[in-house]
Amino acid sequence: MGSRASTLLRDEEIEEIKKETGFSHSQITRLYSRFTSLDKGENGTLCREDFQRIPELAINPLGDRIINTFFPEGEDQVNFRGFMRTLAHFRPIDDHEKNKDPNVSEPLNSRNNKLLFAFRLYDLDKDDKISRDELLQVLRMMVGVNISDDQLGSIADRTIQEADQDGDSSISFTEFIKVLEKVDVEQKMSIRFLH
Amino acid sequence: MSFFLFPFDSLICILLGISFTVWFTLLLVFIIVPAIFGVSLGIRKLYMKTLLKIFKWATLRIERGAKEKNHLLYKPYTNGIIAKEPMSLEEEIKEIRGSGSSKDLSSPEFEMSDIFYFCRKGVESIMDDEVTKRFSPEELESWNLLTRSNYNFQHISLRLTVLWGLGLLIRYCFLLPLRVTLAFTGVGLLVVGTTMVGILPNGRFKNFLSEKVHLMCYRICVRALTAIITYHDSENKPKNGGICVANHTSPIDVIILASDGCYAMVGQVHGGLMGIIQRSMVKACPHIWFERSEVKDRNLVAKRLSDHVEDKTKLPILIFPEGTCINNTSVMMFKKGSFEIGTTMYPVAIKYDPRFGDAFWNSSKFGMVSYLLRMMSSWAIVCSVWYLPPVTREEGEDAVQFANRVKSAIARQGGLVDLLWDGGLKREKVKGTFKEEQQKLYSKMLVGNPEDRSRS
Numbered sequence: 001m002g003s004r005a006s007t008l009l010r011d012e013e014i015e016e017i018k019k020e021t022g023f024s025h026s027q028i029t030r031l032y033s034r035f036t037s038l039d040k041g042e043n044g045t046l047c048r049e050d051f052q053r054i055p056e057l058a059i060n061p062l063g064d065r066i067i068n069t070f071f072p073e074g075e076d077q078v079n080f081r082g083f084m085r086t087l088a089h090f091r092p093i094d095d096h097e098k099n100k101d102p103n104v105s106e107p108l109n110s111r112n113n114k115l116l117f118a119f120r121l122y123d124l125d126k127d128d129k130i131s132r133d134e135l136l137q138v139l140r141m142m143v144g145v146n147i148s149d150d151q152l153g154s155i156a157d158r159t160i161q162e163a164d165q166d167g168d169s170s171i172s173f174t175e176f177i178k179v180l181e182k183v184d185v186e187q188k189m190s191i192r193f194l195h
Numbered sequence: 001m002s003f004f005l006f007p008f009d010s011l012i013c014i015l016l017g018i019s020f021t022v023w024f025t026l027l028l029v030f031i032i033v034p035a036i037f038g039v040s041l042g043i044r045k046l047y048m049k050t051l052l053k054i055f056k057w058a059t060l061r062i063e064r065g066a067k068e069k070n071h072l073l074y075k076p077y078t079n080g081i082i083a084k085e086p087m088s089l090e091e092e093i094k095e096i097r098g099s100g101s102s103k104d105l106s107s108p109e110f111e112m113s114d115i116f117y118f119c120r121k122g123v124e125s126i127m128d129d130e131v132t133k134r135f136s137p138e139e140l141e142s143w144n145l146l147t148r149s150n151y152n153f154q155h156i157s158l159r160l161t162v163l164w165g166l167g168l169l170i171r172y173c174f175l176l177p178l179r180v181t182l183a184f185t186g187v188g189l190l191v192v193g194t195t196m197v198g199i200l201p202n203g204r205f206k207n208f209l210s211e212k213v214h215l216m217c218y219r220i221c222v223r224a225l226t227a228i229i230t231y232h233d234s235e236n237k238p239k240n241g242g243i244c245v246a247n248h249t250s251p252i253d254v255i256i257l258a259s260d261g262c263y264a265m266v267g268q269v270h271g272g273l274m275g276i277i278q279r280s281m282v283k284a285c286p287h288i289w290f291e292r293s294e295v296k297d298r299n300l301v302a303k304r305l306s307d308h309v310e311d312k313t314k315l316p317i318l319i320f321p322e323g324t325c326i327n328n329t330s331v332m333m334f335k336k337g338s339f340e341i342g343t344t345m346y347p348v349a350i351k352y353d354p355r356f357g358d359a360f361w362n363s364s365k366f367g368m369v370s371y372l373l374r375m376m377s378s379w380a381i382v383c384s385v386w387y388l389p390p391v392t393r394e395e396g397e398d399a400v401q402f403a404n405r406v407k408s409a410i411a412r413q414g415g416l417v418d419l420l421w422d423g424g425l426k427r428e429k430v431k432g433t434f435k436e437e438q439q440k441l442y443s444k445m446l447v448g449n450p451e452d453r454s455r456s
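From first to last, the protein sequence lines stand for chains Y and U. Under the UniProt record's numbering, the first sequence has 25 at position 25, and the numbering climbs by one with no breaks. Under the UniProt record's numbering, the second sequence has 254 at position 254, and the numbering climbs by one with no breaks.
No wet-lab data here; the hints were simulated from the structure. Among the hints, erroneous ones may be present.
Computed footprint of chain Y on chain U, listed as stretches where at least three residues anywhere in the stretch have a Cβ under 8 Å from a Cβ of chain Y [as the list claims (entries may be wrong)]: (1) 80–92; (2) 110–123; (3) 352–361; (4) 423–434.
We put the CB at the ideal spot given by N, CA and C, even for glycine.
I would like the entire structure built from these sequences, with the hints used as guidance.
In structure tokens, the structure reads:
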């Protein structure tokens with residue numbers, strides 16, 4: 001609840017999250033308020049049910065996949081730091097970050113990391129390749145029962161054919177980046193705060 | 001030891017006796033008698049104005065305190081925290097594709113970038129969604145000296161703490177006992193009065209008396225909550241044979257509406273104190289109470305409601321079509337049951353001013369008794385009631401469209417957000433049909449409409 005928002009989050013924590021994710025002070029307190037209102041169990045972590053309680057997420061065809069990106073490998077709870085780390089991928093790219101020193105580690109919301117986030121939604125077994133089966137799985141989630149297996153199969157085949165350059169019948173991350181090089185990833189995978 | 005207490009004993013008794021008598025006389029003169037005659041002495045309006053001045057001062061102090069320490073204040077934003085594009089699925093995906101693809105945009109096909117749409121929409125709803133925030137109390141922009149609505153604890157100065165302490169003392173030691181006494185008086189008079197009226201034979205005199213008794217007791221209850229209500233457009237007040245529909249925020253809604261007019265209530269039969277009240281109320285005039293088992297039978301419910309409505313001597317029915325309490329920032333889906341009956345509907349919009357006390361009942365967090373105690377220990381309940389012009393179902397309109405039309409009118413008048421989501425989502429999961437709709441829309445983008453394909 002909002003009443004606990006500013007009190008339980010210490011200034012040092014806010015500074016650390018600011019450094020790691022790049023969100024501003026007020027954005028972090030606001031998202032903390034959101035985190036606590038989702039945390040029905042009031043134990044400082046979110047579980048999958050807490051996310052599924054959001055109606056707009058529950059009706060999203062890729063809802064479950066998106067929820068999974070918040071949870072690290074094999075875990076069922078995510079704390080506020082983890083929550084912010086995942087949300088950081090959707091922070092808009094500031095102009096001054098575009099020409100950064102290549103020695104500094106890449107920010108979470110770089111174009112590359114945004115594309116990696118989307119790539120991981122397809123690549124379920126995390127082998128850095130989108131196989132035909134994995135592509136079919138995601139397609140099936142997005143279309144439900146409205147398209148036949150055959151049609152969906154041919155759509156998948158066509159997509160892999162167009163993207164695959166090294167002939168291994170699957171899409172690697174480099175091939176993925178190539179296919180999407182003209183897409184305005186910065187804008188389409190970013191969420192702008194109003195304040 | 002007892003030797004010392006003896007003279008004090010009798011002194012204390014005398015003092016207690018005097019203070020009780022004074023207390024009750026003041027109560028009677030200033031509150032109960034005006035309630036019986038429906039007259040207002042203006043005390044509550046003055047109280048409201050004073051409180052507003054104090055709140056403004058309190059907020060300025062907090063802002064000043066925060067600036068001194070160079071901190072940022074937590075400010076709630078009612079319009080959401082992120083920018084959302086109001087585009088449809090089709091438009092958005094076309095835009096995503098358009099920026100990257102050189103192919104013809106109108107031909108249906110799949111692009112790997114389509115996933116961005118669902119991805120972003122999903123994360124947007126995690127950051128800020130339209131539904132879950134309707135089931136918790138509205139956040140205030142200024143502080144109203146109640147701990148329950150403060151988000152900036154560390155910025156409170158000493159002076160403000162003293163003021164808050166004073167406020168606490170006044171609320172719990174003066175206002176709360178006063179209100180509890182009034183509440184008991186009001187409820188007690190209701191039970192006794194309606195039972196006595198019930199003894200009379202049915203007829204105009206009985207209806208007249210029942211009306212007076214009901215109004216008097218509800219007015220006392222209104223003062224028990226220190227509710228300051230402004231009624232607008234009273235010429236549209238519901239008449240016999242109609243159904244009054246309003247947005248639902250708390251059980252207090254009933255008291256607010258019923259202190260200005262007489263209604264037939266609809267509800268489930270309860271046990272305990274509520275049951276006693278229900279049984280005595282129904283002796284004076286016909287209300288509609290359902291057994292728990294009957295509630296599930298929609299036809300039975302519809303029949304009893306339409307029977308009541310056809311009898312023009314019976315009072316208008318009061319119904320809250322949302323089916324559950326919402327936090328008064330929005331109006332959620334109206335259940336179509338009462339809109340199928342086919343009589344005149346009288347929409348009423350109720351908007352509470354949350355600065356004086358949040359009336360929203362979060363039934364998953366608070367039981368009825370703790371809720372009422374919270375209500376009685378806030379400053380006041382301030383609200384506005386608008387009686388909207390009566391509406392009937394138009395030609396070719398089905399019950400759902402009619403319900404949505406009435407809902408929009410109420411939302412517009414009350415300045416509330418008009419949502420299509422079901423208030424039942426407070427407790428239940430969303431239906432799978434909504435996801436299927438999204439999937440269907442997206443499939444059209446992949447393979448086109450069946451009609452299009454047959455043409456080409």
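Status of the hints after comparison with the structure:
1. 80–92: Coverage by chain Y holds for the region 80–92 of chain U (4 residues, Cβ < 8 Å).
2. 110–123: holds (count 13)
3. 352–361: violated (count 0)
4. 423–434: As far as the region 423–434 of chain U goes, the hint holds, because 4 residues have Cβ atoms under 8 Å from chain Y.
In terms of the numbered hints stated before, the structure departs from hint 3 and from no other.
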